[in-house]
Amino acid sequence: MRLRSLVTLGRMIAAPSSARALSVSQPLRTVYDPKAFEEPITDKKLLIQPLEESDPRNFLLIKAMQSDDTPVFYRDRVVDKFVNLCLQRGYKEIARTMVYEALETIKRHQYKAWRKAPTAAEKSAIELNPFVVFSQSIKNCQPMMKLIKLTRGGIVYQVPAPVAPSQAEFMAMKSLRDICREKAHKGRTSFETALAGEILSAYKNEGATIQAKQEFHKQCEANRAFAHYRTMAS
Amino acid sequence: MHPSPAALSRAVFPKKMYFRETQPMTLRNKVSEQADRYSGGSACTQEHQLLFACLRKWEFDDTHCYKEHAAFMACVEAGEKLRREFKEHAEKGELGDSTKKLTSSQLNKLMSMYPQADGGHFPFRFMKRLPHMSYADDHFHRKDKVGKNS
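Read top to bottom, the protein sequences are chains A and B. Residue 141 in the UniProt record's numbering is what sits at position 141 of the first sequence, and the numbering runs on without skipping anything. Residue 55 in the UniProt record's numbering is what sits at position 55 of the second sequence, and the numbering runs on without skipping anything.
It should be emphasised that the hints constitute simulated quantities derived from the structure, not laboratory data. Honestly, I wouldn't trust all of these hints.
Stated by the list, open to error - Residues from chain A that face chain B, not an exhaustive set, calculated with beta carbons under 10 angstroms:
1. P162
2. E192
3. R224
4. R230
As the list claims (entries may be wrong) - Dumping the calculated DSS-like pairs for lysine-lysine here, alpha-carbon to alpha-carbon at most 25 angstroms:
5. K139(A) / K57(B)
6. K204(A) / K67(B)
7. K145(B) / K146(A)
We put the beta carbon where it would ideally sit given N, CA and C, even for glycine.
Taking the hints into account, I'd like the entire structure generated from these sequences.
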């Protein structure tokens, strides 16, 4: 009986035809008893300091650290956000490895260029930190506005509107990711290689992602007549 | 020709109309709550068009248009700030001279501070016995009704 119910449950979860997919993005319950467990300290500065005597963390169990929070010196907010965006079916390790491999490729490329550079002035112009290169290319890919849809009289207008910095960052990352996935489609190239190349060209303000951004700007400009609808749309 | 029975039963004098104040003739101390919209502030059209012009000039390469973009975003941000402040004030119903027109919440606040004379409450005239009315009299025509007959 138990086996049968388990099989039914498995079918329910796996059934593609179920009306509403089971969301796994946020855990509905935790395995940690809230009375017995405390959050771990992830900040390295706080970690050095001793705990107060009355601190409950002296007596309680500590939850396992999230893999995002591991105190590594190369932690970067922009890269972490991009890793989360590249995530497929929850395989974060794979996504992270791919992005870091691309960063390594960038580092190698920049270092090679640095070694080839004849003068000190040219050497100092080359950015060797791949994290800086990455964040700068993401910045270069950010659109200046967004298009929001407004339906009036059965016609859907594309209304150009200002975009918040965080959303612009997201749009840039998504565009970059989609272009790299397209390039790596059916094993034409690997995602890492495509990403490294795309980031390096975006750093120099060229490449497919920058082109996509400019196309988007062109689309916004074509819809500039509807810009005054913005107050109605938002 | 004889008049019809209906015509005979009709009063010969013209019908008299009396005004009876069923509800007190005062306005309520409340207006319906509405979502207060901020009418002021600019849509930043000027800045937006300048940004478009710059993008067109440089063939949609935005590296030359950071200044225009910053100006546009500053305008948007200023408008958002005004809107946020207005909303905050409106929700609290705070009274100030910053706005020309009173919002519904501000109006309600004012009227709760200075309410009108007693406007009565529901049910206004339903079986209300005034001081001169005797309990013995059948004022409300409940003599033949089931239950309390006063």
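Hints the structure fails to honour = Hints 2, 7 are the ones this structure does not satisfy, whereas the remaining hints hold.
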